[in-house]
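Residue numbers (my numbering): 1198 to 1417.
Calculated directly from the structure, the hints in this document are not laboratory data. Be aware that one or more of the hints could be misleading.
[What the hints assert, rightly or not] Computed cross-link-like contacts, EDC-like style, restricted to lysine to aspartate or glutamate with a CA-CA straight-line distance of at most 16 Å:
hint : residue 1 : residue 2
1    : Lys1323   : Glu1395
2    : Lys1327   : Glu1415
3    : Lys1327   : Asp1343
4    : Lys1323   : Glu1336
5    : Lys1255   : Asp1343
6    : Lys1254   : Glu1415
[Stated by the list, open to error] Now the in silico label distances, taken between C-beta atoms and shown as ranges:
hint : residue 1 : residue 2 : range
7    : Phe1303   : Ala1335   : 35 to 41 Å
8    : Glu1253   : Leu1361   : 52 to 58 Å
9    : Trp1390   : Pro1267   : 19 to 25 Å
10   : Ala1246   : Thr1366   : 23 to 29 Å
11   : His1380   : His1224   : 41 to 47 Å
Because the structure is a prediction, the values reported are computed rather than measured. The beta-carbon is built from N, C-alpha and C at its ideal position, and this holds for glycine as well.
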Amino acid sequence: MDPETQAAGRLDAVEHAQAGAQLEISHMMVARVWAKHGLEPHRFDRHLATNDPDFEKKAADIIGLYLNPPAHAAVFCVDEKTAIQALDRKDPVLPLSPGRAERHGFAYFRHGTLSLFAAFNTRTGKVLGKTAARHTSAEFVTFLADIVVNQPRGMEMHVIADNLSAHETAQVTEFLERHPSVHLHFTPTYSSWLNQVERWFGKIERDVIARGQVSARESL
């Protein structure tokens, strides 16, 4: 739905409420009717449908790794959180108080960005992380090598990742040829929500990054 149509829908809701007032229908009656029928004209959600013709096959492969992982193998969910900003707020954060939410100032200083690579072990729940100035294929391969080094020699590893172009280069192919025990599994297009490490990224975004105050990129 385009913005004009959404705006028209909200205006209709207001006009209906005003019409209710003219008919001596209280705003609470209007609210009850909306609640009964699940109408929330003040809210909207976003969605993005996958166009991957192999969605079911890829999704089943990944879900199978979660529900029935191979014996004597490790399953890692890997991704990058790119362009994390080192922001130093000009004004102090005002803490939560009765009847008032925590408040952040709008103005801040920028001190550069970093990318965070993370590998979530689905069996142990532990996360291996590494920061990098960029998120190219070279950094991705280096991170895969770090994962291999941290596992017992020869252990089979299944790595779940999205289909970012940096994950499907000649460098990645060469790495996989040198490490035949490592197997990549790609999520379908526009379906990174199947990658469990995204939940971990969401948590650190809410709990750390969004509330952070960083005076230098190195502090990230």
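Checked hints:
{"no.": "1", "hint": "Lys1323 to Glu1395", "verdict": "14 Å, holds"}
{"no.": "2", "hint": "Lys1327 to Glu1415", "verdict": "13 Å, holds"}
{"no.": "3", "hint": "Lys1327 to Asp1343", "verdict": "9 Å, holds"}
{"no.": "4", "hint": "Lys1323 to Glu1336", "verdict": "21 Å, violated"}
{"no.": "5", "hint": "Lys1255 to Asp1343", "verdict": "26 Å, violated"}
{"no.": "6", "hint": "Lys1254 to Glu1415", "verdict": "42 Å, violated"}
{"no.": "7", "hint": "Phe1303 to Ala1335: 35 to 41 Å", "verdict": "37 Å, holds"}
{"no.": "8", "hint": "Glu1253 to Leu1361: 52 to 58 Å", "verdict": "21 Å, violated"}
{"no.": "9", "hint": "Trp1390 to Pro1267: 19 to 25 Å", "verdict": "23 Å, holds"}
{"no.": "10", "hint": "Ala1246 to Thr1366: 23 to 29 Å", "verdict": "27 Å, holds"}
{"no.": "11", "hint": "His1380 to His1224: 41 to 47 Å", "verdict": "59 Å, violated"}
Violated hints, in rising order: 4, 5, 6, 8 and 11; the structure is consistent with all others.
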